[in-house]
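S.K.: Let the hints inform the model, and build the full structure from the sequences given.
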Amino acid sequence: MRRVFIGFDRREIAAYQVCAFSIIKNSSVPVSITPLNIRHIENFKNTDYKASTEFAFTRFLVPYLSDYEGYSLFMDCDMLVRGDIKDLFDCADGESDVQVVQHKYKPKHGDKFLGAEQTMYEKKNWSSVMLFNNEKCKTLTKHYVNTSGGLHLHQFEWASKVGNLPKSWNYLVGEDIDASQYGDPDLVHYTLGGPYFDKYVDCQFSEEWYEYHAEANSVLDTKVVGGF
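Read in order, the letters of the sequence shown are residues 3 to 230 in this note's numbering.
In case anyone wonders, no lab produced these hints; they're calculated from the structure.
Be aware that a few hints might be false.
To be verified - List time: in silico PhoX-like cross-link candidates among lysine-lysine, alpha-carbon distance up to 20 Å: (1) K125 x K106; (2) K126 x K169; (3) K106 x K138; (4) K47 x K144; (5) K125 x K169; (6) K126 x K106; (7) K27 x K88; (8) K163 x K126; (9) K163 x K140; (10) K106 x K169; (11) K106 x K163; (12) K163 x K125; (13) K169 x K88.
M.R.: What follows is the structure in structure tokens.
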């Protein structure tokens, strides 16, 4: 069973639903999907910096929530998974504490969705998709994550080794200068704001997002014959 944790934010419920559905639709293996909702985590109050999402810090609790066993994947909710999630888990190298797409860029914009401030720091967006080798992440206790600074966590100062994931697994819509190196993205990240916000209704990959949204909310009208 592949364990996937998706950041949950009350302002982006539609984003969460589409992200989860896109994983299920394109996966060739069973997946366990957990909404990472800060209100489900007792006594967690880390507000070290002005976070743009409700899961800015709780994402680092994934190894703790996985009992420090096996591999688990975290991803932001403002994503569309176009590839088979099995392929991403197959990238596990067995050596790194965590693996990420190591972007090398500076944000082009000064703000993000809903006017949130665009915080500038090294390794920006690395933490938006993280494949955790949970056993190697025992430093990330609930107390540690609850009391650590934002930059300390997001710049992976807690990790002994940060490995790579293929670039196709975190394509930044509206940010990447050289999109050709990402090929046909397996994962599209609407980091500035998704098509569910008026400002970004026509952004790259918006039509595909609308298609997934329509399918995720469809109801198949069928009759059950002979019981279940």
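S.K.: May I ask which of the numbered hints given earlier this structure violates, with the numbers listed in increasing order?
M.R.: 3
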